[in-house]
Every structure is written in structure tokens, then in C-alpha cells.
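K.L.:
Okay, here's what each chain looks like letter by letter:
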Amino acid sequence: MSENTAAALQMSRDELKRAYRRIKTIRAFEERVEKEFALGNIPGFAHVYIGQEASGVGICHDLTDEDYIGSTHRGHGHCIAKGCDVKGMMLEIMGKQGGLCNGKGGSMHIADLTKGMLGANAIVGGSPPIAVGAALTAKVKKNGRVSVAFSGDGASNQGTSMEALNMAVVLKVPAIFVFENNGYGEHTAASYAVGAKSIAERARGFGLEAETVDGSDFFAVVDAMRRALDRGRNHGLPSVIESVCTRHLGHFVGDPQPYRTAEELAVARAVDPVKIFRAKVKDVRLMDDADLDAIDAEVMAEIEEATQAALAAPFPDVNSLEKDVYVRY
Amino acid sequence: MPKKSYRMAINEAIRHEMRRDPNVIILGEDVAGGQGSSGGPGKVGSVFGVLAGLYDEFGAERVFDTPITESAIIGAANGAAMTGLRPIAEIMFVDFIGVCLDQVYNQAAKFRYMFGGKAKTPLVIRSTIGAGFRAGAQHSQTLHPLFTSIPGLKVVMPTNAYDAKGLMIEAIRDDDPVIFLESKLLYDTEAEVPDEAYRIPFGEANIVREGKDVTIVGFGLMLARAQQVAEALAKEGIDCEVIDPRTTSPLDEDTLLESVEKTGRLVVVDESPPRCSLAADIAAIVADKGFRSLKAPVKKVTCPHTPVPFAPSLEDEYMPNPRRITEAVRAVMAG
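Those sequence lines, one after another, are chains V and H.
No gaps in the numbering here: position 203 of the first sequence is 203 in the working numbering, and each next residue is one more.
If you count the second sequence from 1, you need to add 1000 to reach the working numbering.
Below 30 Å or equal to it, Euclidean Cα-Cα: the simulated DSSO-like pairs (lysine-lysine) are: (1) Lys1212/H - Lys1300/H; (2) Lys1289/H - Lys323/V; (3) Lys1262/H - Lys1212/H; (4) Lys1120/H - Lys323/V; (5) Lys275/V - Lys35/V; (6) Lys1043/H - Lys172/V; (7) Lys1235/H - Lys1262/H; (8) Lys1118/H - Lys87/V; (9) Lys96/V - Lys1118/H; (10) Lys1120/H - Lys172/V; (11) Lys1120/H - Lys139/V; (12) Lys1120/H - Lys141/V; (13) Lys1043/H - Lys141/V; (14) Lys1118/H - Lys323/V.
Take a look, some chain V residues computed to stay more than 10 Å from chain H by CB distance: (15) Glu15; (16) Glu36; (17) Gly254.
If you're looking for bench data, these hints aren't it; they were derived computationally from the structure.
Idealized CB from N, CA, C, for every residue including glycine.
Work the whole structure out from these sequences, hints included.
P.N.:
In C-alpha cells form, the structure reads like this:
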């Protein structure tokens, strides 16, 4: 029995159900986003998280609504993993009234501060410095919270990320920097653009604990995150987790990916976090196909309902155009 | 009433707010100074001494010296502001904003609107502005037109010690990101400043001299030069009204337009290059909303379209000076 399987055995069935539900919700939500995008129901562009579900869900598994996360342009999965309402998300992505940001944000700017979700961020490297600040709040208020910055392999090369790692070490704050390495920064391979042997190895040079984890395996991610949480909550120290994922699809929905061979894509898509989760929990006999399929059905119904509600909802009234620039003027 | 310097007025405002609200923190380069040094921390209090003594009073729990990494300074201030603190972040010279502008204009300025009104970012970014310090092209700009053009930022340019204290207290209590621009050459100027706390609301211009012939508007350090010209020309019978907008965003358009309606003539003195300056902005506002009041074309007194030069002879000519302001007033008087 692997160490990760042991972790699975220590989780309650309710915990496992919640985790699977989130993983499956992300998959189903993103597949629906692809479909609605193709039908012309989503303005602009969208980046989906298919293939990376276990990473976000694993990182957020032991976080509460009081802990903070900041995200990326590929942020839908992080929102769902942190507990954001999928209907509010679908409304937002379609730019509809009642969306989580009242239609002012869109796919790349979903936030829900009531869930500790400080915002998807369309600037590569935008979140790490902000996460240092949220962790600074936890330190000043001594409330035991942690903050997490999700970034990609692309953002790991940004100066802002390096400034944030250094600042977190200098100020001794409980920030956890999660670099989800899905192999590509937009259309360029991480093997080309990341000059170091690994993101984790480079991060260690900043003077913090860093580890590389299989981001397709929910249980491995939870294990790594528990070590980071111990350093954060109990010692007030930052950590880096490089979560190695696979990007099943293109950079954006509709990216034809001429830069990836069919062979490479087949290998990437064979690593499926949903299937890996199902196999593990069945292996230890904590859930069976019937349990998992029942969750699948619930999730599909929820996504259908959210999508129909979003399609039916009106666009925001133009009178809201100039609202909320300032708290008061 | 006690006389205090512009520097100490800002210090007093911050000290007062830090005593009043435990969520107010300071972060920036050398805001305490001396961390890790043989002499120990707290001996600097920011490079111009504005924060002197605050580390001694509030300690390392509230006053955070940072590495020289401006993106992390403003980014951390943003994250702290979104999650319940009221940070005062320092960018030592406003010129350094270039390396962290993303955190200013893509992050702080946008959170509230972009997140549908559900986030607030009560952040003050203090910085120092202005030429005349013999500091060269990368330590001498003002950049207030840049900040003023960005929706979501409030921009404050105090012209005297009294206002500096009241505007700083207002800035700290404001729930929006505020850019607080301190004129380096004003730090040692004194005014009567009450010991107690008081607030000066944003968007309320101060008519510092009433007059009937010409309206002169001046920002930051330029206000004093406008006043100096007004007093000199009064002896010749030219009666200037001098207005200090105090904040460039929000801008008190009503006071400006009412003044121009009365005088019919406008000179705007702005220490920035002419294109897209506040001078150009105010001239456009008056052309749009007060055109029929005008008896003469609006005159702008700005810097040339150049970086700030180093040589004293060049730098003095770069800045709007009393001679050029006087020429502008005479020009509008001539129609």
C-alpha cells in the first residue's frame, strides 16, 4: 500500500465524497464552459482547468473559508475547490446580472471574499505578492489563517513571484505558493522557459521549504499541503509546492495547439485526475462505483441548472456601468 | 497654535491613526531602517524622516521594513488591505512606481469594480515627488497625471503642513486606494497644525487667495509659487484668485468653474510635462463647461516635454517658476 493510499484510508467517507464532488464539479463545469463557449454564449475567452482538478481540490481540502487563496487566469477550478457557488460563477462567466462579481469581472476575475477567494488574476504573477499581504494580515491579527497563491509554471519565472517568495521569507508570513506546472506557459513549454531544473529546486534558493508533488493525485497533493499547512499555521512560515499537472486542452478554449503532437496529447490526457481518484478510493474499498456515479449525477444536474439559470439571466443594467469605482467619492 | 513642519504633520497624522486603529500598519523600504544592522532598527524612519519614531512606538509588529522590491511591497499592501488591514505603503521616490505599476493600476485600483463592489482596498501609497532636489531624471518626477488618469485611485497632493495632516488622516480612513504625493521641497515648510486629529475631505478645493481678475490653479509645490506671483501682481493692481485643488482625483470642478465664471481668466501651474498634464485636463474641463466665462485663452504653465535634467541651471528652468507664471498671468490679462 502506498503512502498516499494510507492517506485515503484516514479520510472519512464524507471527506472523500466532498473531494470527489469538487473534482467532478470542476470537470463538468469546465466541459460545460467549453460547450457554451462553442455555442457563442460566453463573451471573450476562457481558460479551463481540465486535467488539473486534483491539484486545486487537494490544495484547498484542508483550508477553511477563513483562509485565503489567490488564483490565475485559469481560475475556475480554484474557485470551485474553495467553495464558490457554481451558479454565481456561470452567471459571471457569461457576464450576467447576479454573477459573483455582478458581471464586472468575467472568467479571469472571479472573486468571492466570503469564501476567502481573493480573485482570479489575469496578470501572470499577480497573485504571489497579494498572497504575502493576506498572510501578513494573518500574522498581524494572529488568527492562524494561511494564504495560498496559485500560479503556473509561467508565473514562476516572473519577478513578482521571486519578490514575493523573498518577502514571505523575510517577513516570516504563512503564505503557501503553489506553482501548478502543467507543462506550458501559454504556447511555450516549461521545459524551455523555466531555466532551473525544477521550480521547487529554484524556490529553495529563496530559503523556504519546497517540494514537488504529483498534482494529478489528490491524495499526494493533500499530503504535501498538510506539511505546508503545519509550517504555516503552527510556525508562521511560508512554503512552496510545485504541483506537476497535465493540461489536457489548449491554453484557451479553442486553441488548436499546433505546437503539441498527437502523441504528446494522448500521453497527457491518459493522466486523468478523475479516474485516478476513482481508482484509489475503490481500491481501498471506501467508495464504489455506485457511490461515485451517484455524485456524478448530482453534479451534472447542478451544472445543468446553473447553466440554464445563467443562459436565462439578463445582462447587467447599463445603469451599473459607473457603480463601484470607489467606495465613496 | 503650534507651528509644525509638513514632515512632522504627516508623522503626527500616521501616529494618531496607528494609536487609534490597530489595523493600520506601515510597510516599505527603510520605514524603520537598520534592520539587521549593528546599530539596530528604527534609526531612519523613512528616507526623509517622515516616519521618525514610529518604529520605537509601534515596533516590528506594525512597522515592516521590506527588501527593495516594490512589486512585493504594493502587492503585499494590496493583499493586506483586502483582508482587513489598513496598510500605509511607501514608495521612496515616485519614480520607482514603474517597477510595481501592475500592482497599482491592475490590482489595487481595480479590485472593487472588477469584483462587483464586493472588495475594498483601504490602502495608502505614500510617495515623494518633484524636481528641484538636484536628484536627476529618475528621482524627480511628479507623475500625478498618470495616477489621476486611472479609475479607482484617489490622488492627494498636499501643499502645506495643515492640509498634509488632515488629508493623511482622511486617506488612512478612506476605504479606497489613495496615492498620497508628498512634495520633497515642502517637507521643511511650516504651518500652524493642531495637536488633535482632524480630517480634510477629498475633492474640496481650497481658495487660498480670493481675487477677481485671474484664477490661478497650482498643485503641490506649485501652489506656493502661484501665491508668490499673486502677491507681487497685487501691487500692480492685478487681483488673482489662487486655488489649491488639494486632490486631483476626485477633482473639485465646481470650485474651479465658479472661480473662472467670476474672473474669466485661467492660468494652471502644473509641475509635469505639458501633454496629458493636469493643466491640460483642467483647461479641457473649463473649455467644455466654462467656455462662455472665458475672456482670454487658458494659459498652462508646465514643464517642457523632457525628462528632468540634472544641472541646476537646467532644472530650475525646467520647473514652472514665478517668472513664467507672471508672464502667463500678463498674457491672459492682455486677452
